[in-house]
Structure formats: C-alpha cells, structure tokens
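A.B. asks: For reference, the chains in residue letters:
Protein chains: 2
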Amino acid sequence: MKQGIILKGNICYAPENDRLVVRENAYVVCEGKNCRGVYEQIPQAYRTLDVIDCQGGLILPGMIDLHIHAPQFTFSGTGMDYELLDWLNRVAFPEEERYADSGYARQAYGIFAERMKKSATSRAVIFATIHTDASLILMDCMEESGLVSYVGKVNMDRDGSPALTEESAAASAAETRRFIEECIRRGYQKTRPILTPRFVPCCTSELMKMLGEIRREYDLPVQSHLSENPGEVELVRKLEPQAAFYGDAYDRYGLFGREGKTVMAHCVYSVPEEIERMKQNGIWVAHCPSSNMNLTSGIAPVRHYLEQGIRVGLGSDIGGGSSESMFKGVTEAIQNSKLYWRYVDSQAKWLTFAEAFYLATKGGGSFFGKVGSFEDGYAFDAIVLDDSAETYARELSVQDRVEKAFYRELDKTGIAMKFVEGERVL
Amino acid sequence: MKQGIILKGNICYAPENDRLVVRENAYVVCEGKNCRGVYEQIPQAYRTLDVIDCQGGLILPGMIDLHIHAPQFTFSGTGMDYELLDWLNRVAFPEEERYADSGYARQAYGIFAERMKKSATSRAVIFATIHTDASLILMDCMEESGLVSYVGKVNMDRDGSPALTEESAAASAAETRRFIEECIRRGYQKTRPILTPRFVPCCTSELMKMLGEIRREYDLPVQSHLSENPGEVELVRKLEPQAAFYGDAYDRYGLFGREGKTVMAHCVYSVPEEIERMKQNGIWVAHCPSSNMNLTSGIAPVRHYLEQGIRVGLGSDIGGGSSESMFKGVTEAIQNSKLYWRYVDSQAKWLTFAEAFYLATKGGGSFFGKVGSFEDGYAFDAIVLDDSAETYARELSVQDRVEKAFYRELDKTGIAMKFVEGERVL
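Heads up: the protein sequence lines correspond to chains A and B, in order. My numbering puts the first residue of the first sequence at 158, with every later residue one more than the last. My numbering puts the first residue of the second sequence at 158, with every later residue one more than the last.
Keep in mind the hints are simulated off the structure, nothing from the lab. Note that the coordinates shown come from a computational prediction; the quantities given were computed from them, not determined experimentally. Nothing false has been slipped in among the hints.
One copy or two, either will do: identical chains are not told apart, so a pair holds if it fits within one copy or between any two.
Once the Cα atoms are required to be at most 30 angstroms apart in a straight line, the calculated DSSO-like pairs of lysine-lysine come out as:
1. K395 <-> K506
2. K275 <-> K569
3. K527 <-> K275
4. K527 <-> K436
5. K569 <-> K165
6. K190 <-> K347
7. K165 <-> K274
8. K274 <-> K569
9. K527 <-> K165
Just chain A, with the same shape it has in the complex (with noise of 0.2 angstroms):
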C-alpha cells in the first residue's frame, strides 16, 4: 500500500519564473516524500491515501531561506543604527562569542529551531558560529525540527574580534573536519554540513587553501558572503590584490561553485566580471533585501542576475535581516526592485509578485535540488495557511488571497500545518 498524504485546498506554486499556478478546491498528493502533482479529482491510483481538508486554506510549497545566521536570531531586530563593518563589531561578533558556551548555545538555539519550525520556512542554509561544539548542538535541534537544512560551522582565522578569531588557519581546517565528521557520525537524516569562510576579510588564503581541499575530500557545498557593501569590497581589494575581483578570491581554492554547489549572500556589488564568473560557475546568489536595508548595503541587481540566468534565491539573513518571516522577503524583495528600477537603473524591470515568489520556493529550492514546486517529483514541501481571520467586504480570488497573506504577513499569525519531505512537523 501506498505511503503519502492528499491535501484538499487552494493550491498555489510557481512551476517557472513569473508564473503562478492557482488551483481552487484542488488535491495536490503526496507519495513517501514526494509530490505526485495537482488535481482536481484524486487520481484512481491515490484512492487509498487519507485527505486532509484544509477547508478552503491556501496550501503553498514551503518557503526557502538561503542564508541565515543562527547564532543572531537573539539579537534581530535590534542593534540597527549602524554599517555592515562597524555592525559586525559592535553587535554581530560579541553575540557569536558568547557561543563557546555550550550551555547558552543550547538555549539559544532551542529557541530558533522552534521558531523556525513555526515560520513558513522548510528548508535553510545556515551558518552557525566558528564553535564546534555549538555548531553541532544547532545540528540538532535543526534535526528535531524536522526542516531540511544545511549547517555550517563557521571559518575564521583573521579580522574577527579576538575572542571570535581561530588560532590559526590549521587549527580552523582541523576543527571543521572534527564536525564534518562528527555529523556523519551521527547520521542525521534532514541536516547536513557546508563548508562556511565567514567572509574573505576573516579568512586567510591559507585556510582557504585548506578548505578547498576538505570540500573535495568530502564533496562538500559551500557558502559564504559576497560583495554585500562598498566598504567591505574595498577591503577586500586591500587584503587580496592577488585576486581578479572579490569572488575570484574564493574561486582560487575551490570554493566558489564549479563541480560543488556554492550559495553567496548578497552580491549588490558584483562586477561584470563577477557576475561572469557568477554564471560560468553556477553559484546561487541569496538575495537578502531586508539586510541589505537594514546595513545600509543598498539592492542587489537581481533582474539582472535572472536575466544571465544566475540562480537566485531569498534568504533572510538574520540578525542583518530583523525577521524569519519570508512572505516579508518576497514583498521587500518587490519593493527593493521597485526602488532599484527608479534610483538606480530604468532598464531593469521590477519583479512581478510571481517573479519573487518563485523566488523565495523554486528559486531557492533548486539548491537542495527538486524542491520549492508542486510538480511531479519534487520533494513534498508544503504549508497550509488558514485566512479565514482575514475577512473583507468583497470578495477575493485565491491569488489576491496569496498575495494579501505575503503583503499582510500572515505566516507571523501562524501557520497552520508543514510538511517537509512528505512528513507533518506542524
């Protein structure tokens, strides 16, 4: 007999960019962990699955959040007065630091796994601290939460705040075998490591040397940040005149796409050069408008990025970013290109609600692999929300009802069920 789950509702996804899908009063199945796509009857083959009735909610793919710093949920939105390089070392470093205790990483990170099993996110790229330890006690609460996710303890060797810098480059390459290792020891079924040099300001070339060779040794992926803030590029030409550009210092070692899979948060300023290199290697650019308003970084050419048809995802990037919520990505992600369109180039169209949407599932979701659609063989990722509370005088099409629960936020009120990989953990 057939394993799976049938939801009745008001199904919306993006199969493509710009295109949203809306089927009323529809069934989209689900078989073991996957979906077997949107119908309007049961097909006779699903017959003996059980059938939710979400009683008219809107059933949409879970949301996918690219970047995001664990160790910060803590402090989010706070601490918003200054610039990316002053904000780091006046409130993002200290925080970190206070995650070589085991004991308030455990709290902590409690406290974001829940919040993330609540939010409408099923899947996360995560960096976590430079601390081992704590880096696998967030291993596992993102375990128990039951979302997919990717965790990376982070590298370090230069430029951090003492306390938050490594002892030496081999000492940062040998840690993060120590937790590679110890996540296959332990087996997780939902979380995996990736490879995380905080940023090329913290990392030497000879620890990235050294983490070039352990993502091929263990095949692993990669993220890190990328050209966020003029100040930060800037420095970056300082530290690395050996280097093209900024990517090109990644790129060096191995650590900036090609044969691994490689996400960059940010990328507001990227060259052409970059950005050449950005779609010859296949990076995923995780946009992250809310930060890159909050630190002042400025928006992220994103028509430009889909039309070189560079991946592009949403990310929330919290603490830069004040909120876990991605329905307020999507619309900041709107709005950012409406204010890029007028300010700083005509030529580049606005994203359309659908354009942001598919960014923030199947946009995203491509770096996990099928995933963020209700297509035939993607990964069954899915959230229900119920707007019954949100009653007005006329009526509304489910796609107005989408688009109002993204532009009023909705998934802060509550979400009323997840699944991730075919299983409930909402």
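Place chain B on chain A using the hints.
C.D. replies: Leaving out everything else, chain B in the frame of chain A:
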C-alpha cells in the same frame, strides 16, 4: 475624587526627535483625558487612582497614522504590479466606486474600523470616497472604534473614472457642505471632518476655490496628496500651468496650510520652492514609505524636511501601503532613509530608530495637538504590548525589546491594551 488610571510597566516614549525615554517598572498616570507624566513611585496626588499592572509589558504612546484610505483596505496587499497613475485607474478607482452602495460601505468600513481598533494606532487621518452617505457611515464606524480620527469625504470633479467623478464643482462642494453639516448634527465626540480634495489632477480650480471658501467658513483642516510620483507631478504641471509648482495649486485657494492646518501625503518630489512654501505655511508631511515603494514612487527626503523644521509624521497609506501596522511603517521609514542615503544623497544621514519612533508618535501626533507623548498635559493615548512570547537566550534591555517589537511587528499578533484620550478601547 480624581478620574483616571495608572499603568505600571516598562514605558518608552520620545519627547523629542531622536531621544527615547525608557523607564523600567514605572508608572504612567492618566487623569481624565490627559497624561500626567511618568513616575518611579505614584505621586501622593494620584494615590486614589486604580493601577493596572501590565506585568512587565511595554507601554508606548498610541501610533499616529497621518494618511490612510479606508475604502482601499479591502484590496490592501494586492494589485501591486503598477505605478501610481495606472494603479489608480486599474485598482483603486474601481474599488472606490463600490462605495456608492451604502450596504457595501457599512460592511467594508465596519471591518476597517474593527481592524484599526485592534491595531497599534490611536489616531488617524482618513480618506473616504466621494460618496457622502458612505463617508458618514465611515464616521459612525470610526466613532464607535474609540480612535480619534479626521475623516474626509473626497472631492473629485475631473479625471476620475466616470462613476467616480462628481457632476460638477458645485455639486462636489454642495455634497461637502452636506457632509460637514451632517457631521456637526451628529455630534461626534472623536471623529471630525477634514476637507479632502483628492489631488490636483482630480480637482478643477473652480472646485478648489469653492473648497477654499468652505475651509474658511467652517475652519476645517485639509488633507491631500503632493508630489508623489514624477508622472503625477508632470501631469499637474500640464493641468495647472498657472501654478508655480504642485503645492501652489492648493495654496492659491487657501488649501495649503497658513491659517488652517494641512497634511500632505508623500512629498517625494517636492521642488525647493515647494519645500520653502511647506515650511512657511506649516504643512505636515505624511511620509508613507510602504506605499512609495509599492507604487514605485521613490523615497521622500525626510532628513531634509526635518532639518528644515518641517513637521513630519508617518502614514500607512492603505491601499498603496499594504498594512495598517505603524510598527512596520517605522522600520520602513528607517530602511528607506538608508537607501536614500546610499543612492540619492550621501549628505542625508539615515533615520535612527528613535527618530522614526518620534515620527510615528509625537511627530504625527502634533497634527492633533498635544498628542503622542507621555509628558504632562499630553492626551493619554497608550498601547500595551505583551512581548512575553518573544523569548531569547539573552536578556534584552527594555529599549532592545521596543526595537524588536517594531522590527518584528509584534503589533500584528495583538495589542494587549489600548487607551485613547484616557478611555480604554482594547
């Protein structure tokens, strides 16, 4: 015996721009309709008043929404893929036509007023539609909500949709008189009429002249839109070639401050002569960042206005804005000011949290008089937030909790208590 109430909790308010006062476990005293200040111990004179212990909750002044379109609440958060003038014709005007039907108005405005009641907003300056009967229904609903508000029957005698263009200037003026007289007759306690020429493109000079006369006759305040979008500014230049600038088209008819108070929404593209006139005439600017992003308008030069001594408050501008949340408005004002600094004028230092908090409280509150602060003699408008569900591993200062409440929009998940002019409405 004195009438009043005392709230005990963590109190935060902004008595001046860029200065937050935070008082932990303190008492704020309400006597009659007015605040009598904040104290560590209850003064002898107020010992007979009842004390509500807010259990460590956050006590803030009620938020002031200087610009909101009540009839557009129905579609807020939808139809966001257009620029201003297209959006008016395709989204806003068709919905506003429905308010010719008083039954529809009763239903829609009932829901609107209920949502405003549950929001963090204690006072609002509101657009209705051209329909006098529906506008009076909105007055009834707002009066019942407990909020203090100005409500305007809208004037439009050209260039709306056919169903939304009044027969003539004289007919529009006559309906305005009927609206005002009926407001007087009904004797509202908290709800006052405000003259509301929609904006120059929708009002002939003949109508403006008549409205100027009505304004003087009844000594009414005025609300309208100003220099929101380049296309609109250009349209006004063509329609009113005799006006020196957009705002002059109001000023020629006595609808732009001076003796009567006037609030103008947006002011994104005000030219220097217009800004000078705004200053001379004592105009309030309703800064509406959400709407200005959604309708691709741009970013208003708020820093410049503050430096010029122009009075600025915030507006949600539903339905150009998607949410009635003024907490969201505060953070969007900050985020916008950061992008303005980055892309438009690096001399215009971005807004701090304390500054934006001030705009949403005492800044906008000044349109209503002594409103928006907990200083002695100010109207007692207060909201109490229970942020106890927002737990973090680290201890947060009260100021951090307040900043978090805004950035994480805790107003969306409920206001624990709300007082307006000393009366409890939630």
